[in-house]
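*Asks:* Take a look at the letters that make up each chain.
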Amino acid sequence: MNLYMKFFLMHLKSQMQYKVSFFFNILGQFLVSFAVFMSLSFLFMLFDDVEGFTYQEVLIGFAVMMLGFSLGEMFGRGFDTFPRILGNGTFDRALVRPRNIIFQVLAGTMDFTRLGRAAQAVVVFVYVIPNSGVDWTLTRVMTLVLMIVCGTLLFFGLFVVYASFSFFTVEGLEFMNIFTDGGREHGRLPFSVYGENVLRFLTYVIPLALVQYYPLLFLLGRETSLLYAFAPVFALLFLIPCFVFFRFGLSRYKSTGS
Amino acid sequence: MFGLTAINFKPYRALFRIRFTNTLQYRAAAFAGLTTQFAWGFMYILAFAAFYRSNPGSFPMEFSHTVTYIWLQQAFVALFFLWFYDNSIIESVESGSIAYELVRPMDLYSRWFSITAANRVSRTLLRAIPILAIAIFLPRPFRLVLPVELMRYILFFISMALALGVVLSFSMLIYISAFYTINSMGTRIIFGVSADFLSGAYIPLPFFPDTMRFVLELLPFGSMQNMPLLIFSGHVYGVAAFRGIGIQLFWLVTLVIVGRFWMSRALKRVVAQGG
Chain A
229 MNLYMKFFLM HLKSQMQYKV SFFFNILGQF LVSFAVFMSL SFLFMLFDDV
279 EGFTYQEVLI GFAVMMLGFS LGEMFGRGFD TFPRILGNGT FDRALVRPRN
329 IIFQVLAGTM DFTRLGRAAQ AVVVFVYVIP NSGVDWTLTR VMTLVLMIVC
379 GTLLFFGLFV VYASFSFFTV EGLEFMNIFT DGGREHGRLP FSVYGENVLR
429 FLTYVIPLAL VQYYPLLFLL GRETSLLYAF APVFALLFLI PCFVFFRFGL
479 SRYKSTGS
Chain B
253 MFGLTAINFK PYRALFRIRF TNTLQYRAAA FAGLTTQFAW GFMYILAFAA
303 FYRSNPGSFP MEFSHTVTYI WLQQAFVALF FLWFYDNSII ESVESGSIAY
353 ELVRPMDLYS RWFSITAANR VSRTLLRAIP ILAIAIFLPR PFRLVLPVEL
403 MRYILFFISM ALALGVVLSF SMLIYISAFY TINSMGTRII FGVSADFLSG
453 AYIPLPFFPD TMRFVLELLP FGSMQNMPLL IFSGHVYGVA AFRGIGIQLF
503 WLVTLVIVGR FWMSRALKRV VAQGG
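Quick note, the sequences are listed as chains A and B, same order.
Using our numbering, the letters of the first sequence map in sequence onto residues 229 to 486.
Using our numbering, the letters of the second sequence map in sequence onto residues 253 to 527.
So here's chain B without its partners, still in its complex pose (with noise of 0.2 Å):
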């Protein structure tokens, strides 16, 4: 279906590797943007302790965890955040440069994809390191706790992949957008926004009203972010843990399949702007 099974994989590596070094490039913004997250980081998680300390029973999660999953959203902000747009992408189709990559003989779904994941990952692999490295030596109430079973990385590491392509397989649903507007900023920063408060980018999911919550989870939503930092800090284990898994699993085949047949039949009907 779709033609998953012919594509051959050697030049979306290529692309993948071409942006990588291309990003690996601007070690100065990544200093910046690692202060940056670092600040934001502490005034976080001091405000969860004033909260906590105002009624440490009605907290819904454990402090240490919901610090763990301050921090590994800090490190990771790149690579779930869904505002983090590739705006060469947005541009090229409403500069009408599309029409160059059309004539590629490359299918441009997988194109984009992987575009995007390599912009996501060289920018985390910045950021990321640092932080968690320092992170789990800070003082106690502030520390990033490591799990100790190794089960919980494996989990982790799975559900972080997945949390990534569900992140891009429902960007690429904006992307695909762009098709039909000639000026998408509006619409992306709406979407942008929405998923991401909804995917606990603002305050974990745990915080959220109780049937909210469980909506949530079961939509693409629940799917991003918020299942990867959840599982690492320890607040969902278990059974709960391959449960979460399965639905991120769920989500990606969905969102590639919709993803796949819109820009299909969006391609149809492509008019390029310009000349």
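Only chain A is shown next, with the shape it has when bound in the complex (with noise of 0.2 Å):
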């Protein structure tokens, strides 16, 4: 963990080094999230509520996802890079040294401008935790720093994951987009407004809906087991398989030879 510090400021170093680009990369990140939050809020200008969540409830939504990817993707960066480091050799030079695998992966590289987008979520929260109408008790603010952490682990194993495929394959890659990517885009909505095989196929398979919707429902006092409260928790159990594909993909390892 010291060493994981030590990586973490020589990035943040050496990235703040080019201010002005620094800078302009941030605003950059920023500026993709408020399209997002643009798009979505003209859209209330149109319509009240959407399958009966209004605006500011959407937002919570919108928020957690963007924040819980932004910083699954900063850290995750390495594993976001795979392919690259793969395809150049410098994942054959890792291997012979005596530290775990995973954590040179994550030390090798962090993206900081992804604070461009957390900046986002983050401006939104302080616009939609007071004006939502939640009841912010100690159980519901703890539910959603649970949804933000959770959501950011989830989404870093999306990105374990499109990282082991990338042991077996360069090619096609960018279907994996539809879990990362388009689980950050359309989990600006509550992912029941896109029917019930979604939700389902959320619930189970890849479990974002249970960082976003169902801990919402709790937020929102529409569910008041605290199963809904925890459901974040649960999502977690998706980290197992995304870390045993990584070691069995590992296993399958030929280095390219360069």
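It is worth saying that the hints were derived from the structure and are not from the lab.
Nothing here was measured: the structure is a model prediction, and the numbers come from that model.
A hint or two may mislead.
Partner residues are not named here, just some residues of chain A that face chain B (Cβ under 10 Å, in silico) [stated by the list, open to error]:
(1) Q257
(2) E279
(3) E402
(4) H414
(5) L445
(6) L448
Reference listing, derived: stretches of chain A covered by chain B, where coverage requires no fewer than 3 residues with Cβ under 8 Å from a Cβ of chain B [as the list claims (entries may be wrong)]:
(7) 262-275
(8) 368-381
What the simulated footprint calls covered on chain B by chain A, stretch by stretch (three residues with Cβ under 8 Å from a Cβ of chain A suffice, anywhere in the stretch; the number is not a length) [what the hints assert, rightly or not]:
(9) 347-360
(10) 421-432
Cβ coordinates follow ideal geometry from the N, Cα and C atoms, glycine included.
Mind docking these for me? Both chains are given alone in their own frames, and the hints should help you get the complex.
*Replies:* This is the structure in structure tokens:
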């Protein structure tokens, strides 16, 4: 952990070297999520609610997914760029070092420009937490924190799956975007909006709804069972197959030789 | 003006062909892209359907028009989205290899223009045909509804070509700006995302507030994907379609003139990086 902090500071410092370019990158990332936010706002100028969720209620789910995604991507950047690490032989160097592989991939790159997206989510939270009409009891605050933390870990797990696929193929990895970028993009609305089949898929297969839709119902007081409050914790079970898959890929790894 | 008449088109056609066959090699990537596009198309339609159910009266388009708009958008994503940049161009400026290109007896603006055009058209052909072919056979609410009048197809193809021209000449401005910055990644994202949003990539322009939509339709943004997709879906027709095409033509000519002028200015002071 100590070593990870050192890497963390090192990456932060090196990215801060080019201040103007760093700033523009952050601004760019901010705008990416701002555009999604604006389109959502325009829709709610026309419609009062969608499937029983008002603008403010929808925004809670939106901000959770946006923050979870950007933090997951910031720390998991090494897995996001994994095909390149495999391709150029950097990974072979990591294999001969006496440290945990996952640790090395994690510490290898971090992308702080993703903070621009996180900033957008934070701005939305600042607006929506007092305005959503949620009665913020201690349990509810804890649920919100769980949604964000588990959301981050879940997106992180998806990046690990993405990386694991690149042990087998480097072509056609784009389909994984359906779950990573798609989760962020379509998570702007509560997942129940997309109908029963999508919701079922996002509950039992890729449990994105467990960190967004179900705990949101608890926050809004529509479900009182604590099962809904702690739904995000169950989503963490998804991380097990993610890492098993990564280990499996690793055991099949053949170097490109370069 | 700007030597347009003196251009020999042959080398640019050759460049176009090389890029075109090059991109066609990546068929697996195209297939993966196809799956992604379908998933996204369905999710967008489901989201709009939910809004439609909540209050059909305030839905600013006919629902089938919106569905058609979304499928065309997914099919032509590589043709119209600003963020589909040609990284090789930016790299050539940033690495300094642009110096080689400057000594070639070719006009750089036309060279870049044809390379990016080839890139966009070839990527689109791989994606668009299967997406459209499947989308017209989907069950009712999801189906892409084809126009019945021949006139609409003609207007659509004219508008599509002009929209591509506007997108290309607009992105040329971003490429030229790379001459002035060392790392243009940030500016590229900023301009790409803003322009995409304002041209109706996130939600169609009819969903925008009225005054904003009115202004955007007069700006180059309304002349990008907005016009051809609305013409094909049937939301824009008759006089409005001709007016839209006129505005597109105006912006294409204006942006090309501005781009050529700016590029000739930029090349006078260009500093090639590296050795």
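*Asks:* State for each hint whether it applies.
*Replies:* Taking the hints in turn, this is what the structure says about them:
1. Q257: 7 Å, holds
2. E279: With a minimum Cβ separation of about 5 Å from chain B (threshold 10 Å), the hint on A:E279 holds.
3. E402: It holds, given that the least Cβ distance between A:E402 and chain B is near 4 Å, below 10 Å.
4. H414: Result: holds, 5 Å to nearest chain B Cβ.
5. L445: 16 Å, violated
6. L448: 17 Å, violated
7. 262-275: With 9 residues in contact (Cβ-Cβ under 8 Å with chain B), the coverage given for the stretch 262-275 of chain A holds.
8. 368-381: Coverage by chain B is violated here, the residue count being 0 at a Cβ distance below 8 Å.
9. 347-360: Since three or more residues must qualify, the claim that chain A covers the stretch 347-360 of chain B is violated, with 0 doing so at under 8 Å.
10. 421-432: violated (count 0)
Taken one by one, the earlier hints fail for this structure at numbers 5, 6, 8, 9, 10, listed in ascending order.
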